[in-house]
Amino acid sequence: MTSNRGAAGTGIRGSASSQLNSPRGVFVDVNLDLYVADCYNHRVQLFQSGESNGITVAGSGSLNPTIILRCPSGIILDGNKYLFIVDYGNDRIISSGSSGFRCLFGCYGSGSQSNELNYPSSLSFDRFGNMFVTDSFNHRIQKFQYLEESCKNSKEKLLWKMKIKLLMGSN
Numbered sequence: 001m002t003s004n005r006g007a008a009g010t011g012i013r014g015s016a017s018s019q020l021n022s023p024r025g026v027f028v029d030v031n032l033d034l035y036v037a038d039c040y041n042h043r044v045q046l047f048q049s050g051e052s053n054g055i056t057v058a059g060s061g062s063l064n065p066t067i068i069l070r071c072p073s074g075i076i077l078d079g080n081k082y083l084f085i086v087d088y089g090n091d092r093i094i095s096s097g098s099s100g101f102r103c104l105f106g107c108y109g110s111g112s113q114s115n116e117l118n119y120p121s122s123l124s125f126d127r128f129g130n131m132f133v134t135d136s137f138n139h140r141i142q143k144f145q146y147l148e149e150s151c152k153n154s155k156e157k158l159l160w161k162m163k164i165k166l167l168m169g170s171n
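FYI, in full-length UniProt numbering the residues of the sequence shown are 1 to 171.
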């Protein structure tokens, strides 16, 4: 293993393009670009490979402020370069698309019903496109099933069933 060095941030809390404030989640793409869920700056920063200054791609200070984030905690970039953001403080999952950002799940506030989240903290996909969300304060992992047929007629249709499966929890 080679020596350790910082990949993003100065080590000093702040909101400048080179600084982070409580980063929570990271994603590295095939170009070795680093996406950071910058929680207390309420933004997602893109640090292109070898660059020390980030570009705000979502949230506070972005060039396309169509979505307001409150403490993003997780981020994934899919093969089509669409972002999936865990918006911890707003209890929802956001995604980018051809028409900008939109809410996928937890869009109407927090709660414990099957279509609600309560402080989600991370997300992941399986090889079939199903989305798994850590629903922290509901003490469960939710699975949103991918619907392959949902995008045949429209690119903007929801791609996952709202039917949620409880995988783990303390009920």
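The hints are simulated quantities; they were obtained by calculation from the structure and are not laboratory data.
Fair warning: there could be bad hints in the mix.
With a Cα cut of at most 20 Å, we get these calculated EDC-like pairs of lysine to aspartate or glutamate [said to hold, decoys possible]:
1) Lys81 <-> Asp29
2) Lys143 <-> Asp126
3) Lys143 <-> Glu116
4) Lys143 <-> Glu51
Computed Cβ-Cβ distance ranges for the label pairs, DEER-style [to be verified]:
5) Ala16 <-> Ser112: 17 to 27 Å
6) Phe128 <-> Val30: 16 to 26 Å
7) Tyr108 <-> Asn130: 18 to 28 Å
Since we're looking at a predicted model, the values are computed, not measured.
By construction, the Cβ of each residue, glycine as well, lies at the ideal position given by its N, Cα and C atoms.
Right, here's what the structure says about each hint:
Simply put, Lys81 and Asp29 have alpha-carbon atoms about 9 Å apart, close enough for the 20 Å limit, and the pair holds. Taking the CA atoms of Lys143 and Asp126, the gap is near 10 Å; set against the 20 Å cutoff, the hint holds. For the given pair, Lys143 sits about 12 Å from Glu116 by alpha-carbon distance, which is consistent with the 20 Å threshold. At most 20 Å may separate the alpha-carbon atoms for a hinted pair to count; Lys143 and Glu51 exceed this at roughly 36 Å.
Between Ala16 and Ser112 the C-beta distance comes to about 39 Å, which lies outside the given range of 17 to 27 Å. Checked against the given bound of 16 to 26 Å, the beta carbons of Phe128 and Val30, roughly 21 Å apart, stay inside it. Here the CB-CB span from Tyr108 to Asn130 is close to 22 Å, well matched to the stated 18 to 28 Å.
This entry does not satisfy hints 4, 5, going by the numbered hints stated previously.
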